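All chains, please: the whole structure from these sequences, using the hints.
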Amino acid sequence: MLADVRLLEEAFDPGAALGSFSALPDAGGIVSFLGQVRGGGGDAGSVEAGSVEALELQHYAPLTLPAMQALAERALSRWVLGGLLVWHRVGVMTPGQPIVLVAAAARHRRDAFEAVDYIMDHLKSDSWFWKRELRDGQWHWIEPRDQDVADHARWGD
Amino acid sequence: MLADVRLLEEAFDPGAALGSFSALPDAGGIVSFLGQVRGGGGDAGSVEAGSVEALELQHYAPLTLPAMQALAERALSRWVLGGLLVWHRVGVMTPGQPIVLVAAAARHRRDAFEAVDYIMDHLKSDSWFWKRELRDGQWHWIEPRDQDVADHARWGD
Amino acid sequence: MSARLVFLGRLADLSGPLVVAPGPLAAVALPEGVLGPRVRLALNGVLVDAVGLVLADGDELAFLPPVSGG
Amino acid sequence: MSARLVFLGRLADLSGPLVVAPGPLAAVALPEGVLGPRVRLALNGVLVDAVGLVLADGDELAFLPPVSGG
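Residue numbers (numbering that gives the first Met the number 0), protein chains in the order written: chain A, 0 to 156; chain B, 0 to 156; chain C, 0 to 69; chain D, 0 to 69.
It is possible that part of the hints are untrue.
[What the hints assert, rightly or not] Derived pair list, reagent style EDC-like, types lysine to aspartate or glutamate, alpha-carbon separation capped at 16 Å: (1) Lys130(B) to Asp48(C); (2) Lys130(B) to Asp12(B); (3) Lys130(B) to Glu52(B); (4) Lys130(A) to Glu142(A); (5) Lys130(A) to Asp12(D); (6) Lys130(A) to Glu8(A).
The set of hints was computed from the structure by calculation and includes no laboratory data. Being a predicted model, the structure only gives us computed values, none of them experimental.
Structure follows, in structure tokens:
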């Protein structure tokens, strides 16, 4: 079974992608994670520097896609999956647009949950993406968060 | 925030449902679980009594939807969610058709993962569904599995 | 004056819905096999205990076997 | 005869791509701030150590700051 791993330069439709993916023959249970560009000011409880007008993800072609493919292969070897999809946008995105879609199909729900969780915890740190946000007309680079390191450490690899 | 909880008598399109759900304003990260009727014979490694021709889910209206709504409320009180969808089919379904779709939107990925996992672990045991499969022209009731009890026990409630 | 008994899941194979006279459940001749340690009862949508249960006019009593896994 | 240096993420704010002569990296006048303890290097797509690195004709050396979280 090969994973469907893509770096996408253009916006994609996550509903349509999941619709096709769920038509796989051995897809009894499908877990997916969709990450989208957050709009600013939507969270009444937080005080942020400004609302996000755009997000840019840069990559380095010789490293980024091979790293995503290697991550997908590790997930396929670790869990019994009937299908695996890992799509990631690069370039400039606006609030509400999808950034990443990961989906795993499995006969047993737990396998699919863990595989998607694992890939999300590793995508941020193992793959090569650099992110910056446009706020108040200025681009700001996003540095790694401690939480990402902690998420990664859960898996012991 | 109200959860979108539905008992559906007719087939639904999970891709379209997730497409609408992902348009929620505070949906930075969305985790979903889709359960579909398994086709028989798709798993080369297993020897089963026969292939599943159809699946029927029966419910008891005075209990089933209220139990689903109460479960959704518990998830909303336990995690910080921007949206929650719990759709469940009843009636007769054929292989490949969706049975259940659960989706949670959250600013923090971990909240959405745990909420969907929690709801799936509890839907089977706390809600009132009775399932039977048509194999070789005969209906067979599905009894509870030990794994479902173990999944439920993980949450300590 | 009547109450209604309904049987869910595999219990529906033993009996369709029954109309019975109001009064103590203990006085009703139930189809064999519909009561058991793992069968729960709901009176008008609320889970109840079988012991001492009395049916009133218009009541619906549901017999609920264990729900399915998987 | 040349090698190419590319700078990713926030390092791209410090310098665009540079064309340099082949030879030891230590002999190249790098833009200030592009080397540091958290910056990794990839030579033609393979992670390498800066120590002792020698650039050959046609090489591409990428300077990679820590990747973003979130």
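Exercise for the section: Just pull the numbers of the violated hints for me, sorted ascending. Expected result: Hint check: 1 and 2 fail, others pass.
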